[in-house]
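Knowing the structure of chain A, use the given hints to seat chain B on it.
Top line first, the protein sequences correspond to chains A and B. End of the first sequence sits at 972 in my numbering; the numbers just go up one at a time, nothing left out. End of the second sequence sits at 641 in my numbering; the numbers just go up one at a time, nothing left out.
Derived by calculation from the structure, the hints in this document are not laboratory data. For glycine and all other residues, C-beta sits at the position ideal for the given N, C-alpha and C. Possibly wrong hints are sitting among the right ones.
[What the hints assert, rightly or not] Distance windows between CB atoms, simulated: (1) A:R896 with B:A404: 43 to 51 Å; (2) A:R896 with B:G436: 55 to 63 Å; (3) A:G890 with B:V603: 50 to 58 Å; (4) B:R346 with A:E898: 26 to 34 Å; (5) A:R917 with B:Q575: 55 to 63 Å; (6) B:M522 with A:G890: 43 to 51 Å; (7) B:K379 with A:R917: 15 to 23 Å; (8) A:E950 with B:R195: 39 to 47 Å; (9) B:E79 with A:R896: 29 to 37 Å; (10) B:K622 with A:R896: 58 to 66 Å.
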Amino acid sequence: MNSTETPSDAFRWLDPVANPSLEAVVKAFRGRMHLDRTEAPTYFVPVVSPAQWETCGRFPESAEEFTEHWTELRGAEEAPLPKPLVNATLEFVEKGLGAQAFSGEVPVFTYTL
Amino acid sequence: MVVLGFSSYFHDSAAAIIRDGTIVAAAQEERFTRQKHDPGLPTNAIAYCLEAAGVSMEDVDAVVYYEDPVLKFDRSVASATTRWGVSRDHQAASLATLVAQKLSVPRDLRQLFGKLGKEDCIHTVPHHLSHAASAFFPSPYASAAILSVDGVGEWASTTLGHGRDRRITIDRCIEYPHSLGLLYSAITAFCGFKVNSGEYKLMGLAPYGTPVYAKEIRDRLVEVKEDGSFRLNMDLFTFMDGDRMTGEPFFKIFGGPPRKAETRIGKREMDLAASIQEVTEDIMIRLARTLAKDTGESNLVMAGGVALNCVANGKILRAGIFKNLWIQPAAGDAGGALGAALAYYHQHQQKPRTPRDGISDTQFGSLLGPSFSTEAVREYLDERGAPYTMVENEGELVRAIATEMAAGKVVGHLAGRMEFGPRSLGARSILGDPRNPEMQARMNLKIKFRESFRPFAPAVLAERCSDYFDLAHPSPYMLLVAPVREDRRLASSMDGFEQSNYDMLAVVNRARSDVPAVTHVDFSARVQTVAQDVNPRFHGILKAFEQLTGCPVCVNTSFNVRGEPIVCTPEDAYVCFMRTQMDILVLENCILRKEDQPPMPEDNSWKTEYELD
Numbered sequence: 860m861n862s863t864e865t866p867s868d869a870f871r872w873l874d875p876v877a878n879p880s881l882e883a884v885v886k887a888f889r890g891r892m893h894l895d896r897t898e899a900p901t902y903f904v905p906v907v908s909p910a911q912w913e914t915c916g917r918f919p920e921s922a923e924e925f926t927e928h929w930t931e932l933r934g935a936e937e938a939p940l941p942k943p944l945v946n947a948t949l950e951f952v953e954k955g956l957g958a959q960a961f962s963g964e965v966p967v968f969t970y971t972l
Numbered sequence: 029m030v031v032l033g034f035s036s037y038f039h040d041s042a043a044a045i046i047r048d049g050t051i052v053a054a055a056q057e058e059r060f061t062r063q064k065h066d067p068g069l070p071t072n073a074i075a076y077c078l079e080a081a082g083v084s085m086e087d088v089d090a091v092v093y094y095e096d097p098v099l100k101f102d103r104s105v106a107s108a109t110t111r112w113g114v115s116r117d118h119q120a121a122s123l124a125t126l127v128a129q130k131l132s133v134p135r136d137l138r139q140l141f142g143k144l145g146k147e148d149c150i151h152t153v154p155h156h157l158s159h160a161a162s163a164f165f166p167s168p169y170a171s172a173a174i175l176s177v178d179g180v181g182e183w184a185s186t187t188l189g190h191g192r193d194r195r196i197t198i199d200r201c202i203e204y205p206h207s208l209g210l211l212y213s214a215i216t217a218f219c220g221f222k223v224n225s226g227e228y229k230l231m232g233l234a235p236y237g238t239p240v241y242a243k244e245i246r247d248r249l250v251e252v253k254e255d256g257s258f259r260l261n262m263d264l265f266t267f268m269d270g271d272r273m274t275g276e277p278f279f280k281i282f283g284g285p286p287r288k289a290e291t292r293i294g295k296r297e298m299d300l301a302a303s304i305q306e307v308t309e310d311i312m313i314r315l316a317r318t319l320a321k322d323t324g325e326s327n328l329v330m331a332g333g334v335a336l337n338c339v340a341n342g343k344i345l346r347a348g349i350f351k352n353l354w355i356q357p358a359a360g361d362a363g364g365a366l367g368a369a370l371a372y373y374h375q376h377q378q379k380p381r382t383p384r385d386g387i388s389d390t391q392f393g394s395l396l397g398p399s400f401s402t403e404a405v406r407e408y409l410d411e412r413g414a415p416y417t418m419v420e421n422e423g424e425l426v427r428a429i430a431t432e433m434a435a436g437k438v439v440g441h442l443a444g445r446m447e448f449g450p451r452s453l454g455a456r457s458i459l460g461d462p463r464n465p466e467m468q469a470r471m472n473l474k475i476k477f478r479e480s481f482r483p484f485a486p487a488v489l490a491e492r493c494s495d496y497f498d499l500a501h502p503s504p505y506m507l508l509v510a511p512v513r514e515d516r517r518l519a520s521s522m523d524g525f526e527q528s529n530y531d532m533l534a535v536v537n538r539a540r541s542d543v544p545a546v547t548h549v550d551f552s553a554r555v556q557t558v559a560q561d562v563n564p565r566f567h568g569i570l571k572a573f574e575q576l577t578g579c580p581v582c583v584n585t586s587f588n589v590r591g592e593p594i595v596c597t598p599e600d601a602y603v604c605f606m607r608t609q610m611d612i613l614v615l616e617n618c619i620l621r622k623e624d625q626p627p628m629p630e631d632n633s634w635k636t637e638y639e640l641d
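Next comes chain A alone, as it looks inside the complex:
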């Protein structure tokens, strides 16, 4: 990434129009996030994996570990996985922000929930 490129530029090639494969996961994630208002007796979501709340994980120390952990977590639950997006994020961080991110100066673009 050159110095004038914005995060958006770096990710532009992932625009769903150019990458129809992403469209497939949008529906799955919309479901996961309950974005479509549907009537239900309760809005609690099932605690699918109680063990998740009982064990400690390990903090990833590299992009590879990050990807590995994320893939383990996500598994084949919601195929196709938005791997292009993940890979682009990691590439963006390592190549684009790498110099700053790995020298201790962490860039903060915006308020991130």
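Below, chain B alone, put in the same frame as chain A:
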């Protein structure tokens, strides 16, 4: 076993350290950096915790982070994929920021502290398990229902769980973007206050309004089920797409654009505050009822940012759903640092808790931060050339402080270990006489430099609490709002409010009870009960004040000015004292009078040093 927990990169970064399950130290990073709600890596707080425990980082058995960055990334990926076409810039920036920040954490800590514990790694605990652990493990109870409600962690925004001995189970949850914390924050922002700090102001504003928008909120913003579960109408919120919480469709519902910060607060904002407060209380009470049914418990413990809504907490208690209630004093993300350490120790390492008696917690009054000896204070004051009187005898000292308060003086007080959590509990407090009807306006405008409508909290001798407030339950951390007893109230304080065009100044100075400075316009008070065994100095001051005046109550507000983190060191306290119209400063056993102090060089730049909160 020594375990270090820490939180960072959202707001209120903090560190905490425990030894064999006992809390040794905890502190928020903002107190050291002097940046309110500092979200950065809490290197100063970590250094303090290690020093307090007398260990180096490599001696620590485990280093634990308060959330799972990969799980959080998972949620960010979901946001990005669903909102890519709407807010590509924001999604890309969010993903990149998250990954960049998180990947640098271990390396940055190693650079400063060396090997990361005996295993040279960082463990992670899910965000809401950290909250749940911070609420349950230090609580007085062997078993309890656990309610954790905040903006958002990784996916969860609300969890219901059960703690028994050393084990916590999470049994129900509500996930992002459906969030009570974010709903409250959205209305906070719309009313012109800052997200993640202005929620407290909105709660304080609520008694000035009437809940005329509550139906609108229920009908259009959030659908609430009988069991307390809820779902936001995401057509009306924009927080998934950028820094703004709401947009035009939301504005239309509530009669136009948001209030601009620092402009006059109107009836709409007062009514919105009252409305969201009512809806929040309703949801919290429903969630509590569901928990009681699920667990059969008579004890409830709470954490998460919404658990700082002490008005709702008081309503839950008075609803009688549970017999006992304990709330983690650092209920927000700062407390996640402590919860992470405790969750690792008890849940992951399966180490037992010490037996509980149902009465005493193991939070040590939340006095877990740095302290300064009288010798250190004297050295600082001598070096500065600040005149003071040294009072070695504790009895004489508390009588001297109480005498000044009874004479109408405002006293800054720094003694013992700094509080962990957002409330000042007597160790870093500004104290005053609650009987003085002008005290609230004076402290707001000339000492705290904050909005005049905001109420002050009373600290009361624990043994005399029920003489003043309808509260039969301990409230050591100022997290319960209770009514002032009816026999202490005067005539309604809101007469003529409408005729004054809802001018809050017109009603705020009216005497509403025989402790007017700590009685809000609806006769409520955010009570701190002070026990002798937990905070002997503060208890001594209140006792001496009672002996002088018959009143066992004082005004207790945080030792800072608006936008400034609460003071940590004697120097922070002295500078704050000199910049405001405080009359007396007590630093450990040293008493300073304003009139004796050499003038500080005229420099008003400090008024812009702290961004308004």
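- Query: Which numbered hints are broken by the structure, listed smallest first?
  - Reply: 1 and 9
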